[in-house]
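Chains as they are written, first to last, in the numbering used here: chain A, 1 to 267; chain B, 1 to 637; chain C, 1 to 229.
Heads up, some of the hints might be wrong.
What the hints assert, rightly or not - With the C-beta cut set under 8 Å, the calculated list includes, among others, these residues of chain C facing chain A: (1) Ile21; (2) His54; (3) Leu90; (4) Asn94; (5) Pro100; (6) Val104; (7) Lys107; (8) Ile109; (9) Tyr196; (10) Leu200.
To be verified - Calculated pairs, SDA-like style, for lysine to any residue (alpha carbon to alpha carbon, straight line, at most 20 Å): (11) C:Lys107 with A:Ala80; (12) C:Lys105 with A:Ser247; (13) B:Lys493 with A:Leu46; (14) C:Lys107 with A:Phe98; (15) B:Lys338 with B:Arg383; (16) A:Lys11 with B:Gln213; (17) A:Lys18 with C:Gly190; (18) B:Lys467 with B:Ser35; (19) A:Lys246 with C:Gly190.
None of these hints come from the bench; they were simulated from the model. Here the structure is a predicted model, which means the values were calculated and not measured. Yeah, the Cβ is synthetic: ideal placement off N, Cα and C, and Gly gets one too.
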Amino acid sequence: MNLTLHIWRQKNASSPGKMVRYEVKDVNPEMSVLEMLDVLNEELTLKGEDPVTFEHDCREGICGCCGFMINGVAHGPQAATTTCQLTMRHFKDGDELFLEPWRAKAFPIVKDLMVDRSALDRIIAAGGYVSAPTGSPQDANAILIAKENADLAMDAAACIGCGACVAACPNAAAALFTGAKISHLGLLPQGQPERVERALNMVAQLTVEGFGSCTNIGECEAVCPKQIHIEVISRMNADFRAASRKSRKEPYQDPSEFRRWSFGLKS
Amino acid sequence: MQLDSKIPSGPIEQKWDRARFEMKLVNPANKRKYSIIMVGSGLAGASGAASLGELGYNVKCFCFQDSPRRAHSIAAQGGINAAKNYQNDGDSIYRLFYDTVKGGDFRAREANVYRLAQISVSIIDQCVAQGVPFAREYGGLLSNRSFGGAQVSRTFYARGQTGQQLLLGAYQALMRQVDTGQVKMYPRTEMLDVIVIDGRARGIVTRNLATGQIEVHMADAVCLATGGYGNVFFLSTNAKGSNATAVWRAYKRGAAFGNPSFTQIHPTCIPVSGDYQSKLTLMSESLRNDGRIWVPKKTGDSRTPDQIPEDERDYYLERKYPSFGNLVPRDVASRNAKQVCDQGRGVGPGGLGVYLDFRDSINRLGEQAISERYGNLFEMYERITDENPYKVPMRIYPAIHYTMGGLWVDYQLQSTIPGLFVLGEANFSDHGANRLGASALMQGLSDGYFVIPYTIGNYLASNKFDKVDESHAEARGAVENVTSITRRLLSIKGKRTVDSFHRELGKMMWDFCGMGRNAKGLEQAIGKIRELREQYWQNVLVPGGADDLNQSLERAGRVADFFELGELMCIDALHRNESCGGHFREEYQTPEGEALRNDNEFAYAAAWEYQGQNQAPKLNKEPLEFEYVHPTQRSYK
Amino acid sequence: MSATAVGFGDSRAARFWNATIGKKIVMAASGAVLFLFVVAHLLGNLQVFLGAEHFNAYARLLRVEPALLWAARLGLLTMVVLHVWASFQLLLLNKMEARPVGYVKKKNIGSSYASRTMYWSGPIIAAFVIYHLMQFTLGIGGTPFEEGKAYENLVAGFQVIPISIFYLIAMAMLMTHLFHGVWSAFQTLGVNHPRYTPMLRTLAKLIAIALFLGFASIPVGVMTGIVHT
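Sequences and hints are given; from them, build the entire structure.
This is how it looks when you write it as structure tokens:
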């Protein structure tokens, strides 16, 4: 099949970008979208043009590297699928595809379809962990966890941190991502001691990073490749509400100072 | 080169304890005076960096991805072994040790394997404490399954995403240290050289992939946890970015490379569908617990699977290995798949595939039960192939998956360059010639959480460190080396893309140094690889510049190293005149077609030493002694 | 610093308000109060169908104790201010700051029309409330008004067709606002359950429709002559 692509091209964070049109011929329906771009890039390279930059690594839907908007939908038209696993079977001859990077203030563009998602790492650094120094734990089976809770925690923990939720949200909120980690740890006994601090710190970091607010409309869960449910957002809200009430600590000083660790992209 | 494996004395079960006692300690107050570099943020790298940070060392951690959470450990599906014996089915540390040595076809160091089995128990405790959501029984206890040829249920798992969950546990621990400032994280940064000063590793040269900036980082010790080199084959289950550049450049600075030809072929991957294919997708080996592998008895049978009656199907693994059946180790399963396909009985396009059939399990257990166990894998298969495995048998074919070879390390995980430690898949370590399923995660975490924190302390406490900085001649020399490679690659401006060379190299490696190898083919391959490498340096086309994000340039450097490593793999495969584990030399097989080891001549780890560009590498041998598990012909019949 | 600037040196209350979730909780809580008011207001107003005497007696009853009346008014006003203020700050964050460069193409695949138009239905309802107070409380809405004659004012007001139509549109907006608002408030307050939330969402819609029908019945009753002086 032959397709027309419109791809966002932008040299780096500070230069302006624009949509550029490309024709691709003889696309095999078994290819993934990324493989189609590989083929385009081989052609561009041989023509002496700059190949399209896009983030990718495992190409089996788990590393969370890949992802861009395909015709206005994060990761494209098939539900529960990352871009790397989306095959060209979902398109037909003559289709026009608009490929755009995730858009959010918190995700500055690095180049073309590649964005900087280090904000998500800093949200985890703010409290998305259990403090269990190496060597300290008790026997694994000493902690009993109801199967249902373990399963729910696993549902939330399945998040791959791709950022599609942010990209799809009209407010560029990272509520699904943050809610998933707060739920994962909050549902387990191991996560209880730090539950209050975790909610306060992670939610504060959301604001520092410049994400928008959740309006509970559900665009995020519709594009989530791991089908994480917005129930996790409600758990985050509940934890934040409870934490705001319970915490005896005075709010701390600007946490951004701690979490501005460099990604080589920021001055 | 003198290889000193530093195996502690004493009975095997006391060696690690003894080593830990004998190792020197760094005073808690002094730890902050030492700096450590960790390259890689997968299971070994993240767990190591986090643990070292917790101890109080100043750690710098590097990864080429945009976030440490993306390392390819995340893609491991099936599970992690531990000798917990929670199932009361006869497991023990000794049995895990025994299984691993035997499964590795007697080419691993016993003391390392025993330590791994000992530590496996603590790993599970550690991960549970971090909140890793392992599968559980209704009573709230941890669930186990049997995996990849083991006859006990010792595998812990988190659905089909065990690697992901373990990595996120380690990543979260790492992020906690990053937040305290104990670890400084450098994502989108690739290591391109090791700086060796006075014979000791004292730093690395990196390239910031976003800005192209070349940087020097100095430290008192350097750890490489950069994973395997399966991408030499172009098509593998590795992530596209997985590469051998860090270990290869360390090799060129004097670190010996151990058993480079030992690669593992995973039997259950989705077959190749076209020449645009960029990678192969693995389906967890756990599928073999309930799926039956078969091909038609007739050659060239083009009927659809449902039209082939029962008595015309050849369940060849069950037939040949009645006691292990479909659960034979990976190398055996892979080799047999290749054999039946070579006989012309392969299925699917190109005849490169065998059926993995769930019909009988669905009839026995119901679709619901099968869906609970493998639902996400079935969905993934259907997404990629557009076939419904509940109705049509899956088609699978082996693919390169893991490399047992890697930089040679002693019992302390130190390479032949003092101060350069190698962790996880990047070292040659514990799996011998074949790795058992669910053991990679175990080894990565063992090295990172529980070995390196002790052994690196010993190294730091035993040595004095002069202050060195980036103005040191060796540092400047390494920078010059890195920039000259980049300059050269960019200046060729040839007519072929990096990927086209890489594909061609990969095809050669697969044909001559893949599942079956022979002397003639390997000799031929070595010549061809050299030829292709020469062409590469004359005719590769790398667009763009060095001062910018340039994915083609990143790949070009990695592929340049793959050429050299591929050649070394063939040299190693050619010299080892025996078959063992994943290394199957067609000249050396039993009458039944099984791997035929030669323990008299080859019971050693081959540690290759770099002798300079275009010089034959020098072979060093670390003899392997088996005091506890006596080498036998592996039999899974 | 932005409209939702984070002052981490500030008090715990500021920390709560500065987090987007804190504002949303304020919106959910104030919205819940306003929702309850709307329900009560409808129940009171439906007495218009019982005739002038009954209705005017009800109107007088509301004003028996001025202190109570003003307490209720101030309470409601506070809720309105909080609801609007929080939503306005979030609007600035969401629409002006969080995504400085928009998409060339963007499809909505998971959200309802009602949920996406909260920022439209809200201000329309607010505009309506202002006019509604001008018309029936202050008597400056341009329709005949006489203090103490609530029934007569109402009938006279709704006999003006454009006003009735505006009223109906505003009530339709209120309905869509509640389609999303009611369940969203639960979600924001942290109540979500795979079994009960779908029921809650259906129930919220039914209540919203019932409120619309209830409120619409009054101008329609006037226009069709069922309610008359």
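Status of the hints after comparison with the structure:
1. Restraint check, isoleucine 21 (chain C) versus chain A: the minimum CB separation of about 5 Å is within 8 Å; hint holds.
2. This hint is violated: histidine 54 (chain C) has a C-beta 41 Å from the nearest C-beta of chain A, more than the 8 Å allowed.
3. Taking 8 Å as the C-beta cut-off, the interface hint given for leucine 90 (chain C) holds, the closest approach to chain A being about 5 Å.
4. A cut of 8 Å between beta carbons decides the hint on asparagine 94 (chain C): the least distance to chain A is about 4 Å, and the hint holds.
5. Against a cut-off of 8 Å between C-beta atoms, the interface hint on proline 100 (chain C) holds, since the closest Cβ of chain A lies about 6 Å away.
6. Because the beta carbon of valine 104 (chain C) sits about 6 Å from the nearest beta carbon in chain A, less than 8 Å, this interface hint is met.
7. The restraint placing lysine 107 (chain C) at the interface with chain A holds, with a minimum CB-CB distance near 4 Å, inside the 8 Å limit.
8. At about 5 Å, the closest approach between the beta carbon of isoleucine 109 (chain C) and any beta carbon in chain A falls short of 8 Å, and the interface hint on this residue holds.
9. The closest approach between the C-beta of tyrosine 196 (chain C) and any C-beta of chain A is roughly 11 Å, which is over the 8 Å cut-off, so the hint fails.
10. The beta carbon of leucine 200 (chain C) comes no nearer than 12 Å to any beta carbon in chain A, farther than 8 Å, and the hint placing it at the interface is violated.
11. With a C-alpha separation of about 16 Å, the suggested pairing of lysine 107 (chain C) with alanine 80 (chain A) holds against the 20 Å cut-off.
12. Of the pairs offered as hints, the one joining lysine 105 (chain C) and serine 247 (chain A) is violated, with about 43 Å between alpha carbons and a cut-off of 20 Å exceeded.
13. Pair hint lysine 493 (chain B) plus leucine 46 (chain A) holds up; C-alpha atoms about 10 Å apart against a cutoff of 20 Å.
14. Proposed proximity of lysine 107 (chain C) and phenylalanine 98 (chain A) is supported: the alpha carbons are some 12 Å apart, at most 20 Å.
15. A distance of roughly 25 Å separates the Cα atoms of lysine 338 (chain B) and arginine 383 (chain B); the hinted pair therefore is violated under the 20 Å criterion.
16. At most 20 Å may separate the alpha-carbon atoms for a hinted pair to count; lysine 11 (chain A) and glutamine 213 (chain B) meet this at roughly 16 Å.
17. Only pairs whose Cα atoms come within 20 Å are accepted, and lysine 18 (chain A) paired with glycine 190 (chain C) is rejected, the gap being roughly 41 Å.
18. Restraint check for lysine 467 (chain B) and serine 35 (chain B): the C-alpha separation of about 11 Å stays at or below 20 Å, so the hint holds.
19. Distance check on the hinted pair: lysine 246 (chain A) and glycine 190 (chain C) sit about 16 Å apart at the alpha-carbon level, within 20 Å; holds.
Of the numbered hints given earlier, the model fails hints 2, 9, 10, 12, 15 and 17; all others are met.
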